[in-house]
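Undergrad: Sequence order for the protein chains is A, B and C.
Residue 104 in full-length UniProt numbering is what sits at position 104 of the first sequence, and the numbering runs on without skipping anything.
Residue 23 in full-length UniProt numbering is what sits at position 23 of the second sequence, and the numbering runs on without skipping anything.
Residue 63 in full-length UniProt numbering is what sits at position 63 of the third sequence, and the numbering runs on without skipping anything.
All the given hints hold, so there is nothing to weed out.
List of simulated lysine-lysine pairs, DSSO-like, C-alpha gap at most 27 Å:
{"#": "1", "chain 1": "B", "residue 1": "Lys109", "chain 2": "B", "residue 2": "Lys158"}
{"#": "2", "chain 1": "C", "residue 1": "Lys49", "chain 2": "B", "residue 2": "Lys71"}
{"#": "3", "chain 1": "A", "residue 1": "Lys187", "chain 2": "C", "residue 2": "Lys76"}
Pairwise CB distance ranges, derived in the manner of DEER restraints:
{"#": "4", "chain 1": "B", "residue 1": "Gln236", "chain 2": "C", "residue 2": "Gln56", "range": "56 to 64 Å"}
{"#": "5", "chain 1": "B", "residue 1": "Glu232", "chain 2": "C", "residue 2": "Ser108", "range": "38 to 46 Å"}
{"#": "6", "chain 1": "C", "residue 1": "Ile61", "chain 2": "A", "residue 2": "Gln39", "range": "39 to 47 Å"}
{"#": "7", "chain 1": "C", "residue 1": "Val57", "chain 2": "B", "residue 2": "Pro70", "range": "32 to 40 Å"}
{"#": "8", "chain 1": "A", "residue 1": "Ile11", "chain 2": "B", "residue 2": "Phe16", "range": "53 to 61 Å"}
{"#": "9", "chain 1": "B", "residue 1": "Lys116", "chain 2": "C", "residue 2": "Ser9", "range": "52 to 60 Å"}
{"#": "10", "chain 1": "A", "residue 1": "Thr126", "chain 2": "C", "residue 2": "Ile61", "range": "34 to 42 Å"}
{"#": "11", "chain 1": "A", "residue 1": "Lys288", "chain 2": "C", "residue 2": "Ala188", "range": "49 to 57 Å"}
{"#": "12", "chain 1": "B", "residue 1": "Glu124", "chain 2": "C", "residue 2": "Ile53", "range": "48 to 56 Å"}
{"#": "13", "chain 1": "B", "residue 1": "Pro70", "chain 2": "C", "residue 2": "Gln56", "range": "29 to 37 Å"}
{"#": "14", "chain 1": "B", "residue 1": "Lys186", "chain 2": "C", "residue 2": "Gln203", "range": "50 to 58 Å"}
None of these hints come from the bench; they were simulated from the model.
Quick caveat: nothing in here was measured; it's all calculated off a predicted structure.
Cβ coordinates follow ideal geometry from the N, Cα and C atoms, glycine included.
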Amino acid sequence: MEKAKKRQFGIIATIVLAAVIVLGLMWATATAKKNQEHQDTLARVEKLGRIVWGVKADTKLFGLMDTKTGVSKGFDVDIAKALTVQLSKQTGVPMSAEFVPVSSSSKIQLLKNTNIDGTVSTMTITPEREKIIDFTKQYFDAGQSILVKKDSGIKSIKDMNDSKYTIIVVVGTTAAEETKKFAPKAKLLAVQDYATGMQALKAGQGQAMSTDNAILYGFATENPDYQIVGGTFTHGPYGIAFDNDQGPMIRETNKALATLKKNGVYNKLIKKWFSNVPGLDWHELEAK
Amino acid sequence: MSMIEFKNVEKYYGNFHALKNINLEIDEGETVVLIGPSGSGKSTLIRTVNGLEEIQEGQLLVNGFDLHDPKTDINRIRKNVGMVFQHFNLYDNKSTIENIMLAPRLVLKRDEAENKKMAMALLEKVGLADKAANMPSELSGGQKQRVAIARSLAMQPKALLFDEPTSALDPEMIGDVLDVMRDIAKDSSMTMLVVTHEMSFAKAVADRVIFMADGQILEDSSTEAFFNNPTEPRAQQFLSQVEHH
Amino acid sequence: MDLLQNNFSTFLQGFGYTLLSSVIALVVSMILGTFFAILQILPQKWVQKVGNIYVQVFRNIPLLIITFFFFLVVAKVIPMNGFTAGTIALSLYTSAFIAETVRAGILSVNSGQMEGARANGLSFWQAMQHIVLPQAFKIALPSLGNQFINLVKNSSILAFVGGLDLMYQGNMVAANTFDTFGTYIIVALFYLVITLPLSYYMQHLERKLKHAA
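The following block holds chain A by itself, in its conformation from the complex:
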């Protein structure tokens, strides 16, 4: 009897403990969420004199970590730097730019947690995302495409609407959702980052990798056995993102972006990063 009682006590104690932990986590989450609200990003960055930008670390041409320096390089990074300079001019507050590597799946959470102030990270503007974060006007025009092996015989996404095909996508990208619409029968393999995705494609874990054409061009230049086929099948321009309800920050950044496009800085950066990409007409990307 005594033993049974003890055991019963042990089970109850554990359940209570588990419940306390879960409730504790939920409370912490709720508190964290509350704390995030009503923080004005513009006020914060002006006060601290720095803007922390989330940028990609695994995306050639946009944000690719330089393994020697540990700093990301790419169009996104340069845009963020130029915006920081322009924002300093506009507000009259000198601000420096800092960079934090983010992944497709982590960037929204990092914004919400104020680990980063804003993010320039190949992020497509979508209605779902606009519900929880704020976007600036588009800073880059992109559309989804597929990268396949040259001898695969696949001509477009429509060819892949068959359960024998696996399409590789990156968790948290719009491609993961969009691909289902265009090739509903194909299997999806979601990986954590583009580098793994490319490795998986080479290892034969899938027959195509799908994401924005601009990103795929980066991989195609590095891997001559692979090519982009079928053009773009979605239209999804990139925006710079901040936490939600950041009217002042969005206004200032849109103003800064417009200035960069007008004064030629934007086109200089387009030329710097995209003029040497085979198969891409970089003049189409220039601000008119």
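Position chains B and C relative to chain A; hints supplied.
TA: Positioned in the frame of chain A, the structure of chains B and C alone reads:
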């Protein structure tokens, strides 16, 4: 015909010369007691007989097979040679009767009903029929040793080796174990080699006594001759020491 | 709670794959682990060495690297999906730890048990199977329990190679709903559904065996 035969056997542990030029013949049905001071090599010698210790030189024939020949299947010899240890070495995870039935079942493929009948008969013989279902941890030392003897007998060996079977027992337990051993010795076909300090047992049961010291056999004579008239000074000294006890 | 309701089938699918991978890896790693534990205690030096190298390799390399090795390298020769690659890696990785645990268990079984069995006529393998290993497992049970729980949690490695497990589905739900915290709390609860009963079962087994002795 000889059951166990040592021919110029040498045994080393690294540089330590444990057995020196051993020559010994034990006939079928003989009961031989091996005595000597501790460290004399008696345990080593008895352990070589079923291959628990390897020999480095010479020939060791058991039931006609040479243990030093790498082609000899040691498991086949062990089927015919049982061993009883100082610390019993009962299977701690098996009940008394399972201890006895396991090897006949696995090695001899003895029929299960037959196996059980024989095991119960052996437990009866060693006076522990009521302990069949008990675990070894529930038995006294003397009871464990009697189960161990029953376990060896269940394999119906031609020879039985006893390595100081009563040394780890409380004095009041020793008698029961020796009684069982005496019974076995009466069976004229069973060859027994016993390492022991029980001189009364040796006097009463042994056909021959072998005295060892420093890894050598110093004396090998009939029981009567050994106890009445030991020739070796070291044997004389040893006997006077143990008989004082 | 909406999060759980709306994505219940997704979580459930992940839960199923996590459970399946864990069960397969548990069985395989027990067999492999026991095998390599025994290799390390055999008298032949070169056999010991083989066992030791296996254990050192798989114990000292991060699970993620072993997983990627199968997913990206081995898959080129023998096609396998992420689930298979991850489960194989998980099995090998865990087996190295189990080998060490079981080896320690075997070494703490009195050497007289093996000697008694051999003298009784049993072969080395028979003695291992019927006498030494049952006692070794009993001794090793508490740390084996820890290994099993680690195994279930480590199965989240499947998420990195599209293994469809709980963590993978959690990542997908988090990416679609943008509710990272909520999603991972649900994922954590699903893991508890496996690990808590497992903990209890191991403790129960320990108690039972203690009384049996």
